[in-house]
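Each chain, letter by letter, is given below.
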Amino acid sequence: MQTHTFKPDLPPPRMSVGAVGWLKANLFSNWFNSLLTLFALYLIWLVVPPLLQWAIIDANWVGSTRADCTQEGACWVFIQQRFGQFMYGFYPSELRWRVDATLWLAIVGAAPLFVPQMPRKAFYGLGFLVIYPVIAWCLLHGGVFGLSVVSTSQWGGLMLTLVIASVGITGALPLGILLALGRRSNLPAIKVICVTFIEFWRGVPLITVLFMSSVMLPLFLPEGMHFDKLMRALIGVILFQSAYIAEVVRGGLQAIPKGQYEAAAAMGLGYWRMMGLVILPQALKLVIPGIVNVFIALFKDTSLVIIIGLFDLLNSIKQATTDPAWLGMATEGYAFAALVFWIFCFGMSRYSLHLERKLDTGHKR
Amino acid sequence: MKMVKSTLAVLTTAAVLGVSGFAQAGATLDAVQKKGFVQCGISDGLPGFSYADEKGNYLGLDVDVCRAVAAAVFGDATKVKYSPLTAKERFTALQSGEVDILSRNTTWTSSRDAALGLNFTGTNYYDGQGFLVNKKLGVSSAKELDGATVCIQAGTTTELNLSDYFRANGMKYTPITYDTSDESAKSVEAGRCDVLTSDQSQLYAQRIKLANPDDYVVLPEVISKEPLGPVVRQGDEEWFDIVRWTLFAMVNAEELGVTSANVEATAKDTKNPDVARLLGTEGEFGKDLKLPKDWAVQIVKQVGNYGETFDRNVGAGSELKIERGLNALWNKGGLQYAPPVR
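Chains as they are written, first to last, in the numbering used here: chain A, 1 to 365; chain B, 1001 to 1342.
Honestly, the hints are just simulated from the structure, not real lab data.
Each hint can be trusted.
Keeping only pairs whose Cα atoms sit at most 30 Å apart, straight-line, the calculated DSSO-like set for lysine-lysine is: (1) A:K300 / B:K1055; (2) A:K300 / B:K1209; (3) B:K1088 / A:K300; (4) A:K300 / B:K1186.
Cβ-Cβ distance ranges computed for the label pairs, FRET-style: (5) B:E1284 / A:F145: 45 to 53 Å; (6) A:Q80 / B:A1265: 41 to 49 Å; (7) B:G1191 / A:L43: 21 to 29 Å; (8) B:N1169 / A:L36: 53 to 61 Å.
Just so you know, even glycine gets a beta-carbon here, dropped at the ideal spot from N, CA and C.
Please work from the sequences and hints to get the whole structure.
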């Protein structure tokens, strides 16, 4: 009997595997792409070496004054000397542990939420959301338990950026969901109110909102009554962003097939249970990218508080460059701000990808 | 009905705006003494005038006005709280009572003085638009700038002043406008323009940003009047007088040779009646202002006389190295003149 032996497989053509194959497939697949690749390489060559030269090779890392820096490279000494101020603003240095403690509490407190096996997560999460802001306020502002008061005008730097961003996010999300539900409500009064609210806040730029809150509002308040400037900005940010969240969530609600609503109703679920148990979990999952998008935009928009004289990260840096001892350090300062903002925004977008993958339980279309 | 409603709204607005613009006489001092500190509106960052050091302490010529008022009222220059304000919100903050003094490089103009319900208490810095040029150009006067390319740091009146000046002198120029001071400094350095124009106090700050500051010079011509001074609410004459005489006390102290180093000794054994009246060893001039007897001593001791604060913040003793010029005392060719204490 004749046995058939297969010839051993030939190795794939050398041009289609390994680094060469990857290059051919991705960068040089035809003449146009090759041209683009070469052009991009040229651009990189044009930009990256001088940047590295400035930011790393010629840069000055040690010293304590501007005189320690040479003119050629970046002067990171400036960032180093002012680092505390960029992080905490004018928060008194001996009390900065309170800011650190607030941050650690947030990390430790929120950690269980990221453990998949954690029972009663929803209750814990809600409790955390209610209790934590109170503790954070007590720690940051003081005035209770013998902690000395640090008024909000002394808050600043990255800390203020994070406060505005996190308060804005946690305030805007629930409000936005309620607004989205209200806009799709069958009750005319609620619907009209929600539509008006959303369209009004979407119709004005954030800068106008902040500006009105700091320039117009004080004129209407009775003499001697002052609303905290940060509080005014926070309320403005929350109302503004909730309108955007509402529209994103409404998109999710509309994507849920009508059958889901009918099925939930047929099971005898009331409105809130239907929404809470059936519709919203599906809808919110669908709109994660949209919501995170709003959050990233919000995080970056926090730097607009510069126009009302609040010292967030960017404004702290801007102010530090007006110190005569450090004049001319604007480039270093803004580069640092860009890096910090990028780290946070990139982190958020990665986390949203992770969330999407984790919550992906079908419905792939 | 709608018409009536909107009219009503306008009226209410006007009433609120009007009422909050005028403070009651004496109310500010009482309120300040009650809360224990002076709330002072300053700039959100201007080299030499108000800025913060590494430790977060506010420094500068405008900040020193706040400190001097606190020294006069409380005998303690540290009893100040600062509100950094942007250019747009500064007047609202003062009108609404959020701050007691606005010391924020604010130019004294007729419309601001008359229409906004504010009072300018004096001038702590005479500024004006000037020119910065590279020494290589060999120009020693702005009159020689015919045909120059001028970098302008965009401001409210900078461009207008410039065009007026060149037209009045029959000269031509090419303008390039920049939004921020950093951009315009860079472009002067790169040689994109021959001249940089802005307020003189800013030009000195710009010069430091350049790679070789010594290659550049600020021309002597000043083409606009920008008297900068502290502002208070209209209607509280008592508080107005306190802030105004705080400024005068600093100028008088310099004129009479009283410095932070010698003020205490001088107060004890001065033979000069002018000095004795200023420092409260003779007469009751502090009482007229509802201030302690040694109000001027405290100002000079804790903050310094006008010359000292000028030197420390913007003058020879600072990085900016601005010359006294218009801000020299009247008997040294400048404009700083204070009425006598008598």
